[in-house]
Amino acid sequence: MLLQIAEPGQSAAPHQHKLAAGIDLGTTNSLVATVRSGEAKTLVNAQGRDMLPSVVRYTRDAVIVGDAAMAAAVEDADNTIVSVKRLMGKGYGETLALKDKVPYQLIDQQGLVAINTAQGIKNPVEVSAEILATLANTASETLGGELNGVVITVPAYFDDAQRQATKDAAKLAGLNVLRLLNEPTAAALAYGLDSGQEGIIAVYDLGGGTFDISILRLRRGVFEVLATGGDSALGGDDFDHVIVGYLQQQTGEAQLSHQAMRQYLTTARSIKEQLTDSDTVSFSLPTANGMLDGTLSKAEFEQLIGALVKKTIRACRQVLRDAGLTSDEIVKVVMVGGSTRVPLVRREVAAFFATEPLTSIDPDKVVAIGAAIQANVLVGNKADGDTLLLDVIPLSLGLETMGGLTEKIIPRNTVIPVARAQEFTTFKDGQTAMALHVVQGERELVDDCRSLARFELRGIPPMPAGGAHIRVTFQVDADGLLSVTAQEKSSGVQANIQVKPSYGLSDDQVATMLKSSMQYARQDMQQRLLREQQVEAERVLEAVSQALNADAELLSTTELAGIKQALTALATVKQGDDTAAIKAAIEQTNRLTDDFAARRMDLSVRSALKGHNVDEV
Amino acid sequence: MNYFQLFNLPAQFDLDLTELGSRYLQLQRRFHPDQHAAGSERDRLMAVQQTANINDAYHSLKQPLLRAEHLLALRGLKISHEQRSFTDPSFLMQQMELREQLAEIEQSDDADAVIDSIERQLQQQKKQLLQQLSAALQAQTAEQDQQAADLIRKLKFFFKLQQELELTEQQLQD
Chain P
1 MLLQIAEPGQ
11 SAAPHQHKLA
21 AGIDLGTTNS
31 LVATVRSGEA
41 KTLVNAQGRD
51 MLPSVVRYTR
61 DAVIVGDAAM
71 AAAVEDADNT
81 IVSVKRLMGK
91 GYGETLALKD
101 KVPYQLIDQQ
111 GLVAINTAQG
121 IKNPVEVSAE
131 ILATLANTAS
141 ETLGGELNGV
151 VITVPAYFDD
161 AQRQATKDAA
171 KLAGLNVLRL
181 LNEPTAAALA
191 YGLDSGQEGI
201 IAVYDLGGGT
211 FDISILRLRR
221 GVFEVLATGG
231 DSALGGDDFD
241 HVIVGYLQQQ
251 TGEAQLSHQA
261 MRQYLTTARS
271 IKEQLTDSDT
281 VSFSLPTANG
291 MLDGTLSKAE
301 FEQLIGALVK
311 KTIRACRQVL
321 RDAGLTSDEI
331 VKVVMVGGST
341 RVPLVRREVA
351 AFFATEPLTS
361 IDPDKVVAIG
371 AAIQANVLVG
381 NKADGDTLLL
391 DVIPLSLGLE
401 TMGGLTEKII
411 PRNTVIPVAR
421 AQEFTTFKDG
431 QTAMALHVVQ
441 GERELVDDCR
451 SLARFELRGI
461 PPMPAGGAHI
471 RVTFQVDADG
481 LLSVTAQEKS
491 SGVQANIQVK
501 PSYGLSDDQV
511 ATMLKSSMQY
521 ARQDMQQRLL
531 REQQVEAERV
541 LEAVSQALNA
551 DAELLSTTEL
561 AGIKQALTAL
571 ATVKQGDDTA
581 AIKAAIEQTN
591 RLTDDFAARR
601 MDLSVRSALK
611 GHNVDEV
Chain Z
1001 MNYFQLFNLP
1011 AQFDLDLTEL
1021 GSRYLQLQRR
1031 FHPDQHAAGS
1041 ERDRLMAVQQ
1051 TANINDAYHS
1061 LKQPLLRAEH
1071 LLALRGLKIS
1081 HEQRSFTDPS
1091 FLMQQMELRE
1101 QLAEIEQSDD
1111 ADAVIDSIER
1121 QLQQQKKQLL
1131 QQLSAALQAQ
1141 TAEQDQQAAD
1151 LIRKLKFFFK
1161 LQQELELTEQ
1171 QLQD
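Chains as they are written, first to last, in the working numbering: chain P, 1 to 617; chain Z, 1001 to 1174.
Bound-form chain Z, shown alone (with noise of 0.2 angstroms):
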């Protein structure tokens, strides 16, 4: 299912948010199940199934990554359950660094000072690595869909990072 499509909206990395959130509000209001509360029984069936689509498919442009990813697999490039281990050496130095951090944080005397610090690196890698990744997909070309998967691959090591931060940060409040 191309979800592009089903909001009527260009198959590219760069969305308007505001745009596709109001699309989706707009499906929704049509084919949500309670609008076939008391419709026959395969009514209210197809309206559920429609609407699980629906929302199934903004969840994936909503976010950057699976937007991504979805705009790959359109390309019939699908990257979501395959391991492939990173030859960048300065990536891993990074990711290593950016861990160890992570880990001392608990024993550090000023913690949201580290948080702070962390935070800034994750969001500038981040914003960084979605850059190239938008020119990449913008390209399309075979090579540089390529290019885009690795940065997607990058990427989530981020986006893990970034989740793990937030636990370490609500046990230090807890």
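Only chain P is shown next, with the shape it has when bound in the complex (with noise of 0.2 angstroms):
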């Protein structure tokens, strides 16, 4: 835990070049790409394409990702499971609207949306693996070993669960994540706007089942989310579902069995793809009553989509106000999403910017060439350590308090990583528990929020009632995922926390769905932990050796040749084949550097500010 100290402009130590990728999760496609000879590039799979549908079909004995699944959606509409990140971190009462707008069938598993399929059910954590796992084999077959990281980009309003529930994906699809990336941010840095360029920015990105609105400050080369708005269930395809009503109602179609509303969808997207560049476009739809064929005008589908593009334009609005700007303060606006090739979209946002926004790069994959570039930087390959990229959380966290009320502990757009604490007291003679409600979202009213988690603190040392001083601290990390820890004040005891995510897996389950995968039954398990913690102690290793070369002169001989002796111990144990023995070796070197740590850490921060005398100010 020596926390290496990296000065800017200069790498810590010098690094073979690392494999790494961004991967760009969308509802509707997913794309891979990487850093190679300086540039960043999304890599095509065996079947020559970039684009990888976010489509999986599970059969009896297999499971298709991709363009083969998409091929089967709709002969086989049960078993094919599309926009899977609509249902990611969600509760099966919340996907409840969403019912009528998928073709596959979804069921409740213990409050948790899961979809039946042909394999038993499968819930979007595991679905989303199986994507994320063809986009990280697809980097690994041509790159030529496999990835020592990777960056994956969310939409900024993402929530905690739907976070979570991405950082689950990826544990179970065998991936280290180095950052969940929002995707805006990384929209900005595909267009190397972090260099050279100063001012505020927003990125507009409609994609096939999100809307996200940033604002970015650029000053002095650091990236600072301002603000970040948007709707987590509107997107271009929306736009498909507009288009399939006006089509039922041309064809007098009220209900729809899955079969054919997949075939509507199917003509619905095509429609709408060919207005970006014809006036009008004539389609042909079969029906239970023969073909229909009709047509359909650009000035017809504005007007079917524009209360849905003026919602956009609203929620633009509503981030610029949350930032304290007004629309003529933004200097640039780049384009996200392949629904932003529309053009009443791009006329609109051009209107309400009144500035002509950046469209240069594929609108598709912006977002994962940022996330490359962006892994490319975490893996350590470069090391300018110049780009700053501070986030914010989307939506405010709070507590439940008496009555069914919110009390807010962390307000959205404060910049993370964040740590707040709150104190509580018991209201019973020895009462030993306690229970909270974590909430996210902006209402007063618990029940208009999202629940986060449910926390029960155990251990309470018994007192009189409001005896009990209990510290709860919430912390939320770079990713915009929370942990809680909670402490007794006058006793200093460590209370326990049981979390019950509300619309997420708990560890357990994520470990018990590890084991269970297909991924891994073909592997051995054993020889994963260890080769996991091979690899940590590695980490600590070089950190540790680092920091002796650099401060050594913070410590007493004796606590120097104690932490010389943890190391060789680790090496030697490292070496072998005991898990373990590696992982006690790891926390005993650890347990004799903490102070080490801590005392160049202080030195670290006054170091930081060298050069600044009080005097000056």
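Since the hints were derived computationally from the structure, they do not count as laboratory data. Treat each hint with caution, since some may be false.
Said to hold, decoys possible - Capping the alpha-carbon separation at 25 angstroms, the derived lysine to any residue pairs in SDA-like fashion look like this:
hint, chain 1, residue 1, chain 2, residue 2
1, P, K408, Z, P1064
2, Z, K1062, P, T414
3, P, K408, Z, L1066
4, P, K408, Z, E1069
5, P, K310, Z, E1166
6, P, K408, P, G441
7, Z, K1156, P, I409
8, Z, K1156, Z, D1014
9, P, K311, Z, L1167
10, P, K311, Z, L1172
11, P, K99, P, Q249
12, Z, K1160, P, T414
13, P, K489, Z, N1002
Since each chain sits alone in its own frame, please combine them into the complex, following the hints.
Right, here's the structure in full:
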């Protein structure tokens, strides 16, 4: 834990080139990209395609991902999972509105949404893991080796449960996640707006299933997300559905079977895409009463989707307000997502921001390209350390208080990582446990917010009512993920926290899935765990050695000898195959270097501001 | 934790915000978890905690009311959660008048003019109180610290009114 202190502009140590990739895990399509010879490019699979439809088909004895799955979407709609991103981190009850919109069967799996397939019940995390594994495989084959790490993008609007689900999916796919990166931030990186550009940038991201509007500030090479907004259930899919509604009016088919729905959707999508370049389009749609031939003009189409596009502009106005800005302060607008090809969208965005939006990079690829650039930096291939991404938490975190009200602990748009502590006391004499309910959202009533997790604090020392003071710390990391710790102040007793995610999988569930998944049945689980500990041991050895090289004078002779001994022991045991022994040696090294690390941290804080004198101010 | 110390800035109310911002970014550059993404688990955990501290400190020093509260807390005077009623009748009258004006915006023929007028009053009051606050905090006496605490409480009312005014303005626009 010797925090490696990397000076900006110099790498901590010479590194060999590591393999890293950026993954855009999209609602409709997913992509993987990497930086090679200094250039970020999307990677193509064996079929020569870089866009992988985010579609997974489960047959009785196989899992098919991508184009082949998409091809079966009509004939085998029940077992072909499309738009799974919309289900990530959701409770069954929250997806009821989607029930008629997705052609497969959603079921209630202990409150969580899951899908009934020919291979049994699959949850959204498992389905997403299949997509991620397929993309990682494309990358490994192209690059000729296993990936050291990936950056996966998520909508800036994703809440904790949705982010956690994405990370769980990566874990299940056996990927090392360097960072979950907000899609709009990735897009701005792709345009290289981090270098040279100064000012406020808006990223308008209208994908298949989500709409994000983000306001970024670029200043002295620092990327700061000032505010994010949008709608996690609005996207190009909705354009398709409005066209489907129009087609239904024409055919008079009010009720559609899953299969017919698929047919209508395919036709709708094709109409939408053609209307980008044509003023009118003719279509043929097979229905129960024969073929329907018709035409749709661009003007009619724009009338159909007008309200949806207006909705995105309203969100733009709201986010500018959140950031305390006006539209004329925006210097650049980046367009992301296939739906930004729709001319009406471009027109409305240009009109609102009074500037022509950036569209030179393929809006479908721009996010993956930005993710690849960031992955390359984070894995340590590019050690200039110049880009600093400061993200914010997209939705306020709060606690349920008396009467079903919410008390905000961390307001939205607070820069992360962040930690906030809150004190609680006991109601009754001898009370030893306490329940807390964490929610995410902006509304006053708990019922109007999204339930994130219920925490139970146990092991509070028995005291008279009001005697125990429990300090609960909520920490949100750079990926936007929440963790909670609690301590009773007078006794210093660490209360146990049992996390029951409201719409996520518990750690145990993820571990069980990992063990039972096909992916790892083939591998030796033990072997994998051993390898993980060996990698961690290498990291610790490297970090401590560097710290000793830099600041050994902070240690007494005895301390130094102790640490050196621990390092030797760790290096020795790392060669063997005893996973538990390696783990113990890592922990021993960490214990012995705790104080050293703290001293180095203090020194580093001071030296970071070296050259600044109090007198100067 | 002394936030002023973290940024190596003098513990005083009048702060150079540009300088604070630049020191904040310098610390972020060094400690942000992204700088340690390839590091050991403990590296990453420590980076998260350290950055959370830096963010918290910056947040508290950037805003005048929080900065003043932090200064008082460093001097042993905590005011965050206590409730105290005001005995200053003219302040209460003023608050009531402003609230009445705020309530009348929607019925007014020229809402923008009313909003502008309230906005001006608020700005003026805030500016005045902040100047008094600065002076009180500079004195560094127990008596003046109490005075500063009172000013913070008053300022909170004005900041709250400001928020409500912005909300009303938004509602009118929608």
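Against the structure, the hints come out as follows:
{"no.": "1", "hint": "P:K408 to Z:P1064", "verdict": "21 angstroms, holds"}
{"no.": "2", "hint": "Z:K1062 to P:T414", "verdict": "13 angstroms, holds"}
{"no.": "3", "hint": "P:K408 to Z:L1066", "verdict": "17 angstroms, holds"}
{"no.": "4", "hint": "P:K408 to Z:E1069", "verdict": "20 angstroms, holds"}
{"no.": "5", "hint": "P:K310 to Z:E1166", "verdict": "23 angstroms, holds"}
{"no.": "6", "hint": "P:K408 to P:G441", "verdict": "9 angstroms, holds"}
{"no.": "7", "hint": "Z:K1156 to P:I409", "verdict": "18 angstroms, holds"}
{"no.": "8", "hint": "Z:K1156 to Z:D1014", "verdict": "19 angstroms, holds"}
{"no.": "9", "hint": "P:K311 to Z:L1167", "verdict": "20 angstroms, holds"}
{"no.": "10", "hint": "P:K311 to Z:L1172", "verdict": "18 angstroms, holds"}
{"no.": "11", "hint": "P:K99 to P:Q249", "verdict": "21 angstroms, holds"}
{"no.": "12", "hint": "Z:K1160 to P:T414", "verdict": "19 angstroms, holds"}
{"no.": "13", "hint": "P:K489 to Z:N1002", "verdict": "20 angstroms, holds"}
Violated hints are absent here; each numbered hint is respected by the structure.
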